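**Student:** So you can see what is in the structure, the chains are spelled out below.
Number of protein chains: 4
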Amino acid sequence: MSDYAFTLEMDVRDYECDIQGIVNNAVYQNYLEHARHEYLKQVGINFAELARNGINLVVVRAELDYKLPLMSGDRFIVGLTMQRESRIKFAFHQDIIRLTDDKIMVKGKIIGTALNPKGRPAIPAELDKLLS
Amino acid sequence: MSDYAFTLEMDVRDYECDIQGIVNNAVYQNYLEHARHEYLKQVGINFAELARNGINLVVVRAELDYKLPLMSGDRFIVGLTMQRESRIKFAFHQDIIRLTDDKIMVKGKIIGTALNPKGRPAIPAELDKLLS
Amino acid sequence: MSDYAFTLEMDVRDYECDIQGIVNNAVYQNYLEHARHEYLKQVGINFAELARNGINLVVVRAELDYKLPLMSGDRFIVGLTMQRESRIKFAFHQDIIRLTDDKIMVKGKIIGTALNPKGRPAIPAELDKLLS
Amino acid sequence: MSDYAFTLEMDVRDYECDIQGIVNNAVYQNYLEHARHEYLKQVGINFAELARNGINLVVVRAELDYKLPLMSGDRFIVGLTMQRESRIKFAFHQDIIRLTDDKIMVKGKIIGTALNPKGRPAIPAELDKLLS
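Protein chains in written order, with my numbering: chain A, 11 to 142; chain B, 11 to 142; chain C, 11 to 142; chain D, 11 to 142.
No lab work stands behind these hints: they were computed from the structure. Watch out, some of these pointers could steer you wrong.
Pairs count within a copy or across copies, as identical chains cannot be separated in the list.
Calculated cross-link-like contacts (lysine-lysine; reagent style DSSO-like; alpha-carbon spacing at most 30 angstroms) [stated by the list, open to error]:
1) Lys77 x Lys99
2) Lys77 x Lys139
3) Lys139 x Lys113
4) Lys117 x Lys128
5) Lys113 x Lys51
It should be emphasised that the depicted structure is a prediction, and the values quoted were computed from it without experimental measurement.
Use the sequences and the hints to build the structure in full.
**Tutor:** This is the structure:
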C-alpha cells in the first residue's frame, strides 16, 4: 500500500447494496469521490469551501474497471495518487481494495479540472502547487 | 435521436444535486443504469427477475465523459444502443441529452457481462439472441 | 385520488432497491421530497432558486408509516396536500400509492418551515399566500 | 453518551449534501439504518444474512425530528437504544450528535418488525432474546 499518496479505510453499508446483494455500481463513485475529497482536505484544499467561493472542482472523465464486487460487511481501503494530466487537467488513479485478502475490487482513473466563477477551466494556486 | 435503440425521458430531482448545485457525478450512473434496465425490460429481459434466479448482469467497465452538468429542473433523455463487445461481453453506448437545447451532457460506454449462479460469465439465451 | 392537491406518477428504479429486493426506507423520503418540490414548482415556488437566494425550505419533522414495500417494476403515485401547521410551520400529508391495486404503501406527514438568510424561521410571501 | 446501548462515529461525506449545502433529509435515515445494522451485527444479528434466509427486518414507522443540519466536514455519532414496543414490534431510539459541540442534530424513533419467509411478523429467537 506504500505507493499511494493517500488511503482511506471505509466499510460497506447495507443500504449501498442492491437487489443482487452487492454494492451498486454508482456507489463506488461515491467511495472514490469521498476519498478524493478527504485527500484534498488533508493537503489543504476544501471542496465545499471552494464551491461556496464559486470555484468548482469537476470530473470530466471517469474510467472504472469493476473487477470483483464488494458485499455487505466488507471492509476496504481506497488508495489514490494524483498527477497532472495536462495544463488544466489532473488525474486521480484510485484503487478500491478489500481488506480481508488485499484484492483489488475496482480500479478507477478520474480526470478532473477546476472551473472559476465564470465557468472557465483554471487550476487554483493551491492545487497547482500540489501538482508540481 | 433516431439513431438510438432506446430512449428514456427523465428529469433531475433536487436531491440528486450536490453542494455545487449540479447533479452529482455518481447520479449519472444511476440514470444510465435505469435506462439500460428499462431497455432490457422492454425487450423481455428483467434484471431483477434474473437476479432472483441467480443470474447477475454486471458492469465490468464504465467510461464516462462529463461534458456539461445537469442542474435542478433540467429535463433530459438517455439514449442507448447495445452491441456485442466479445463472446462474453456486451457494450452499451449511452448519451444523456438535455432537452432544452439537445446538448450532450454525458457520454458513456458501459461494458457488461452476465454471471451464472456459479459466478461464471455466461450470456443468457435471450440476451444472446438480442446481441446477434 | 381527487382529494390530493397534487399527484406525481413515478416508478421504482432498480438501484433504489436493496438486499431485500424492496425499495430502501430512505428512498421513500426522496420520492416524497421530489413530489413536494414538483408541487411547489407548479404553484410558483422553486426550492433550488430559493436556496440560491439564501431562503431554505427545511423539514423539521417527518412521520412515515411504512405499510407495504414497493418493489422493482412497481409504478406509483405520490399524492399530497399541504396545510398550515402553525405561524411558522406547514405540513404536507403525503401518500405513496401503488398503481396496480391502489394500495397505500407509505403514509407520510412532513412538517417544514422556511429559514431566511439569517437562519430564522420566516415563511416567504408566496408560500404564505399559498397557505392561507 | 453513557446512556446509549451503542454508538457509532461517522462523518459527513460531500456527496450526501444537497443544493442547500447541508445533508439531505433522506440521508439521515441512511445514517440511522447503518447504525442499527452495526449494532445488531455486534450483538450477533446480521441483517444481510437474515435477508438471504428469507427473514426480513423491516421498518414500519419512522419519526424523525430534524433539529439542526449537519454540513460538509461535520463528524458525528449515532447513539441508539432498543426496546420492545409490542409482542411483534421493537423500537430504536436514535440520536445524531455533532461531535464539535455535542448538539443533537436529529432525534429518531424507528419502529420495526421482522417478517418470516411467508411475510408474517415473527421476531427471530436471537432478537427476542435481545429484547427481553
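**Student:** Determine which of the earlier numbered hints do not hold for this structure and return their numbers in increasing order.
**Tutor:** Number 3 - this is the single hint that the structure violates.
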